[in-house]
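Chemist: Numbered according to the working numbering, the first sequence terminates at residue 1404, and the numbering increases by one at each position without gaps.
Because the hints were derived from the structure by calculation, they are not lab data. Just so you know, not all the hints are guaranteed correct.
[To be verified] Taking lysine-lysine pairs in the DSS-like style, the calculated list, with each CA pair at most 25 Å apart, reads:
#1 Lys1003 with Lys1056
#2 Lys1189 with Lys1081
#3 Lys1345 with Lys823
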Amino acid sequence: MKMSRYFLHTLREAPAEAETASHQLLLRAACIDQLMAGSYTYQPLGWRVKRKVEEIVREEMDRAGGIEIHMPALQPLDIWEQSGRADALGETLFRLTDQRDRSLALGATHEEVVTKLVADHARSYRDLPLTLYQIQTKFRDEARPRGGLVRVREFTMKDAYSFDLDEAGLDVSYDAMFEAYKRIFARCGVPVIPVEADSGAIGGKDSREFMFVTEIGEDTIVRCDTCDYAANTEKAEFRRVPSPEAAAADREEVSTPDTKTIEALTALLGVTAAQTAKAVLYMSTDPHDESAPALPLFVVVRGDMQVNEIKIRNHLHGRGLRAMTESEAERYGIVAGYASPIGIDASVRVIADVAIEHASNLVAGANKAGTHFRNVNYGRDWRVQDGDIIDCANAEAGYGCPRCDGTLGTVRGIEMGHVFRLGRIYSEVFGARVLDEAGEQRTAVMGCYGIGVERIVSASVEANHDEKGIMWPASVAPFDVHLVGLGLGRDADLAADADALYAELTAAGLQVLFDDRDDSPGVKFNDADLIGLPLRVTVSSRNQKAGVVEVQARSASEATQIARAEVVAHLRDTHAAMLAPLR
RNA sequence: CGGGGUGUAGCUCAGCUUGGUAGAGCGCUGCGUUUGGGACGCAGAGGCCCACGGUUCGAAUCCGUGCACCCCGACCA
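With the hints as extra help, turn the sequences into a complete structure.
Modeler: Next up, the structure:
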């Protein structure tokens, strides 16, 4: 491709809305262009990258036994109501009405459609195992798009869905996808770590996210410094450092005026946060029925811990959670700021973190303004219903690893892919059943496996750039070679040779971006660094006189002179060597 | 949805406090000179100053109401 005939307008300065390196560089290198929040045009260069990423994903899905299909983005709302996810996704699901007044949705994902497809056509155990996949646009009405391509409202996702006769079969399908994912990210130059994760609105168990570790990440990952335990903070477990066990002392009231926070309490009484009990008040709601009454919930964690609302929601089987209002608290006789699990109204469900059970002589509210209790002990002073002592606190840096003696630390990360063992949630709803060898009806066991294509593009830049620009991995670079012609306009001979070299390289199977513009060397070199193709070749009259051209890898600090006659073979070999580890 | 910030040329920004009808750098067009790391000169094109109301003789500037975009949080695959 000759740059003089291409659509490639680099920016010297990054637009003000871009903060992260990858977002700035993708804009400056004319890979993308923003239309509105969370909606981007792929310019020619970016589109080539995206297609290469998709091709790698496709190759690995095929290698793992997947079969590609294409499903509609426009879907009847009914199937979302059937699966219960119209409510689960809520506002995130784009809804629209057609001219006959039928309610439709734009596919936020495709479990419903694919399960219905398999339900309608698979009949025999011989049809399984089956893994179908798609690489398609998905729509989600994100409350807050962010980070350039990281969180957008219209995006490309590879989703694969496996159908097996039983759990053992699912294990095989799941493992095949897991391996394929490792290969995909490695080939795209994106380092990832698999972490344990919550399965969210999709449902299912045993879900793992592939995380790209970066300070710009929107998720927090908890990692052990000793073993390989890693989990999303939504899900992460941890070992509670046992509080010193002491004989239960007599409970006593203590006056604590204007002491409604743990900080104020520890300052006033000279105790540590871990010696206090923190009360957090919620109302739990029915996600499927807005008119259903919300139920009061009183959560108790140790004062040094934070409540993990996802763990609470999972304990409540997916019920919604919102903060209790002051008037609601009043209605249940709760004194805000001094709430106490002792003597609480029986209609209020109390849930406590496991750390509370064995902590002795805690400071807790007395449910009386300006008053706390000292020496509160679980079991003696108050109790929850059976089963309501649970892990409901956030793991944090410095806590103990749940698997070994190590200590947990936290890093930020971006979720690049997610694999779930779904089970029979959707196959039950849509009737995806086949007859087994014995002639019995069997409901398929499903897995689902998603990858965000744009996120790979972003992360690949985030992981591969320097102060001058992008350094594309050879596997996803928009072109293989950046051919820079210097002073072609005043040397017809040189121009002819540059054209010849362009043709030779192209004929040798390399994708060449030829800078034939009438610009100064500085402009051309800086654009080449910004665009970041893996190899740069410079032709100039100086080199021509010496019978050489100059070759420099984007990652190298110096150029090498290669004889003109040998340069095509040299580049072909060098490029092949760059690509080899990414195949 | 809560908190914070920003809207002036394709991009980065000044002008707004103290109202008088629009500027710089980069980019773009033409001509000339240059040519190995973002050259130089000359001449140009390009703006409903986010929108709508209001105040005023007069509004980019003051007041009000919206909208958009960015960041933090909530939510989220």
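Chemist: Are the hints correct? Go through all of them and say.
Modeler: Do the hints match the structure? See the list:
| no. | hint | in the structure |
| --- | --- | --- |
| 1 | Lys1003 with Lys1056 | holds (22 Å) |
| 2 | Lys1189 with Lys1081 | holds (11 Å) |
| 3 | Lys1345 with Lys823 | holds (13 Å) |
Figure legend: structure checked against the earlier numbered hints; every hint is met.
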